[in-house]
Amino acid sequence: MKTKEFIKRVEELGLDVDIKNGYINIDGDYFNGCYISIDEPFTINTDFGGVKKPLFDLLVEYASTPPEDREEEKKFYLKHRWMAYENENNLTLCFPTGKYYLSHSTENNGYKTTFTLKEIEEIKKKFDTDLADFELVEVEE
999 MKTKEFIKRV EELGLDVDIK NGYINIDGDY FNGCYISIDE PFTINTDFGG
1049 VKKPLFDLLV EYASTPPEDR EEEKKFYLKH RWMAYENENN LTLCFPTGKY
1099 YLSHSTENNG YKTTFTLKEI EEIKKKFDTD LADFELVEVE E
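Count the sequence shown with the numbering used here and you get residues 999 to 1139, in order.
If you're looking for bench data, these hints aren't it; they were derived computationally from the structure. Please note: incorrect hints may appear among the correct ones.
The calculated lysine-lysine pairs, modelled on DSSO-like cross-linking and capped at a C-alpha distance of 27 Å, are [said to hold, decoys possible]: (1) K1072 - K1050; (2) K1124 - K1073; (3) K1122 - K1073; (4) K1000 - K1116; (5) K1002 - K1116; (6) K1116 - K1077; (7) K1018 - K1050; (8) K1006 - K1073; (9) K1051 - K1000; (10) K1050 - K1124; (11) K1097 - K1116; (12) K1050 - K1116; (13) K1002 - K1110; (14) K1122 - K1072; (15) K1072 - K1123; (16) K1018 - K1077.
Label pairs and their computed distance ranges (CB to CB) [claimed, not checked]: (17) N1019 - F1040: 33 to 39 Å; (18) L1115 - F1040: 27 to 33 Å; (19) D1131 - N1106: 23 to 29 Å; (20) G1108 - I1017: 30 to 36 Å.
Even for Gly, the Cβ is constructed at its ideal location relative to N, Cα and C.
All chains, please: the whole structure from these sequences, using the hints.
Here is the structure:
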């Protein structure tokens, strides 16, 4: 389970989430709190009591996930280095046609403008290119 998904699902239970010093702290109005490690597998502290089954199940699922599988893969824009139009120089995949072209960085239905490193390697292989005319710009969340 990814950290973002875990936090979202805990918040859907009506609980508060705070991240400090490598731990996700969980608290609520009728719940005394608990915490779980982000970096260590199987590290949960529920000594505070009041943990209900839905939260317990989430804690076990997250704690069982290896730390390297908890974070989302980084995504990147592939920005063309030499294009004159600053806002129209990102590699874009159009899903309906399966073709790539340069466009703005806005991703929406049918258009993909962010890519993982794995997807970038697949593009390189598919088109037999090194993408040297593009720079990778990490997507900020």
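Please list, smallest to largest, the hint numbers that this structure does not respect. 1, 10, 12, 16, 17
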